[in-house]
Every structure is written in C-alpha cells, then in structure tokens.
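Peer 1: So you can see what is in the structure, the chains are spelled out below.
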Amino acid sequence: MPGRCEEWLSRISLYLDGELAEHLCRELERHLAECPDCHVVFHTTRRTIELYRRYGRTPMPAEARERLFRVLRLEDLLPRADQAPEGPT
Amino acid sequence: MAADRRSTGDLSEADLLAALRRGDRQAFTAVIDRCGDTVYHVAYRLLGSREEAEDVLQETFLQAFQHLKDFRGEARLCTWLYRIAYNLALMRLRRKEPETISIDQPLTLGDDEEVPRELFDWCCLPEEELLRAELRSVLEEAIRSLPPGLRAVFLLRDGEGLSTEEVARILGISTDAVKTRLHRARLRLREHLSRYFAEDLKAHGG
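Residue numbers (our numbering), protein chains in the order written: chain A, 541 to 629; chain B, 102 to 307.
What the hints contain is simulated information worked out from the structure, not anything from laboratory work. Each hint should be verified, as a subset may be incorrect.
Stated by the list, open to error - Subject to a maximum C-alpha distance of 20 Å in a straight line, what follows is the list of computed DMTMM-like cross-link-like pairs (lysine to aspartate or glutamate):
| id | chain 1 | residue 1 | chain 2 | residue 2 |
| --- | --- | --- | --- | --- |
| 1 | B | K280 | A | E547 |
| 2 | B | K280 | A | E590 |
| 3 | B | K280 | A | D557 |
| 4 | B | K303 | A | D577 |
| 5 | B | K303 | B | E235 |
| 6 | B | K303 | B | E228 |
| 7 | B | K280 | A | E562 |
| 8 | B | K280 | A | E546 |
| 9 | B | K303 | B | E219 |
| 10 | B | K170 | B | E160 |
| 11 | B | K197 | B | E160 |
| 12 | B | K197 | B | E153 |
| 13 | B | K303 | B | E229 |
| 14 | B | K280 | B | E266 |
| 15 | B | K280 | B | E261 |
| 16 | B | K170 | B | D125 |
| 17 | B | K303 | B | E230 |
| 18 | B | K280 | A | E559 |
| 19 | B | K197 | B | E152 |
Put together the whole structure using the sequences plus the hints.
Peer 2: Structure (structure tokens):
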C-alpha cells in the first residue's frame, strides 16, 4: 500500500467520528473515490464497527442480574416472574 | 412497583445521587439498570469468562455503593462505575496473565502493524451471508486477539458508544491516546474479519 494511502487511512477513524477538519474530509472523500484499495479498507472498517455494535455486545444475563440484586440485598425489588418485563432486557 | 421504577429511571443525575445517598433502594436498582450492562460487557470482554465478569459486576456495585461518599460528581455516575469495573477487571487480568502488559503504558507497536493487507471487499455483502459465516464467534475471536489496551478502548467507544472524553477518564489516559488506540483497534479488527471472510466466503463461493 503506497505511503500516501497510509496517510489517508490514518485519518479514516477521525472521519468516521466526525472529527476530521472539513477540508480534509473533502480530500479524503476524493481519494476514496479514486483509490479502490482505500475504498475497501474504509467501507470494511465501517462495517466492522456496525457488526460489533449489533452482534458483539454482551448485556448482563438475567440470572447474573438476579444474583446481583441478591448480593446487594435488593431481591425484593426484582420484578416477579408473573410480571411482564419492562422494556428491552 | 413498575411505576416507581420508571420514575426512578427518569431521575436526573443529581436527583439520583441524592436518592442514593438517602439510601433509597429504588435508586440502587435504577443505577443497575443504567450502568449494569456496560459494566458486564466490559468485564466479560476483558476477562473472557462469564463467571469472572459476574464477579466483577458484583464487586463493582458493592464497592460503588459502599463508597458513594467518594463520588465527587465530576463525571457521570456510570463513568465512575465503569472506571471501578475497569480497574477491577484489570487487576484480575494482571493476576491471570502477569506477562500481559502494561495496559496503561504507551503501546509500542511495529510501524506497519496496522497496515491493511487483506483487501477482500466484504463490506456490502448481505447480512445473511455474513451470518452464515458464524459471525458472532468470528467477532469474539477478533476482539480477543486485540491487546487489552486496544480492546478496552474499542469496547467503550464503539461497542458502548461512549465519548472520547468519557473513555479517557475511565481508562486514565489522554484523549489523544484514546483516538490512536481506537483507530488501531478498528484496523486490526477489520483485518481479522477480512481475512476470515476472504477465506470463508471465497471457499463457499460467496
């Protein structure tokens, strides 16, 4: 990968996070449109982040939550099994 | 009651903190609802074990609730809890893998360690195609392969959507270090997934 590409790729995270200066954004976009390799790296990086957000997170399991409430002596505040859960779990 | 829980969940930080300091038990459950998933997620991904993640989860809330007076309100309550959780997980990690790092030291990496090599373009393949490739286990493996110092930044910034400043505060590093580590983590994960998809999907004629 040419040195110039590396320089552009070093900025893609700032770009994705909306932290890259406006004029550099335009230049980066121009480069991505012209360079197939950087285009691939940029789009697969963005997709990597999206996939982790969607499939990589591990919320605390319901049983772990119950045991936490017991440890903290809050078990009387756990929703009873016959109550519909509130919101997403 | 459900209505009480909802109203506690809507409390502002200041009101929630006041309720905690009064010993309002509903307020304790509200804090678990607000911060518990992230605490668990970070502990689990750093330690790689559900049992240990649960230990850290419990220790975090016990410590936090016992030391509420130490919370000075400079950061969000959850940020303070994440910092406690991160430090507890880190202590365990060091005990388990003493050779592992220097998680908070500057990372010394080879110059070309993050240079993209695999340029197979899987970005726009339909999700079913990627899911067929056991996406979850591939993601797990990819995240495990990151050094903990990069992993923690990625989990908190991209996984949990926390701000750069908040992550810097949790990890006790500069915002510039957060940005650098995040970029390195993303490129490494991308490389890992790309290698996998290149092999798997080409093999299956995807």
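Peer 1: Run every hint past the structure and note whether it holds.
Peer 2: Here is how each hint holds up against the structure:
1. B:K280 x A:E547: 16 Å, holds
2. B:K280 x A:E590: 18 Å, holds
3. B:K280 x A:D557: Holds, at about 10 Å.
4. B:K303 x A:D577: Holds - the C-alpha atoms of D577 of chain A and K303 of chain B are around 18 Å apart, at most 20 Å.
5. B:K303 x B:E235: 15 Å, holds
6. B:K303 x B:E228: 16 Å, holds
7. B:K280 x A:E562: 18 Å, holds
8. B:K280 x A:E546: 17 Å, holds
9. B:K303 x B:E219: Distance ~13 Å between K303 of chain B and E219 of chain B Cα, so the pair holds.
10. B:K170 x B:E160: Holds, at about 17 Å.
11. B:K197 x B:E160: Holds: K197 of chain B and E160 of chain B sit about 18 Å apart, inside 20 Å.
12. B:K197 x B:E153: 11 Å, holds
13. B:K303 x B:E229: Status holds; Cα separation ~15 Å.
14. B:K280 x B:E266: Satisfied, since the Cα-Cα distance of roughly 10 Å is no more than 20 Å.
15. B:K280 x B:E261: 15 Å, holds
16. B:K170 x B:D125: 15 Å, holds
17. B:K303 x B:E230: Holds. K303 of chain B to E230 of chain B sits at ~11 Å (cutoff 20 Å).
18. B:K280 x A:E559: 10 Å, holds
19. B:K197 x B:E152: 14 Å, holds
When each numbered hint is compared with the structure, no violation occurs for any of them.
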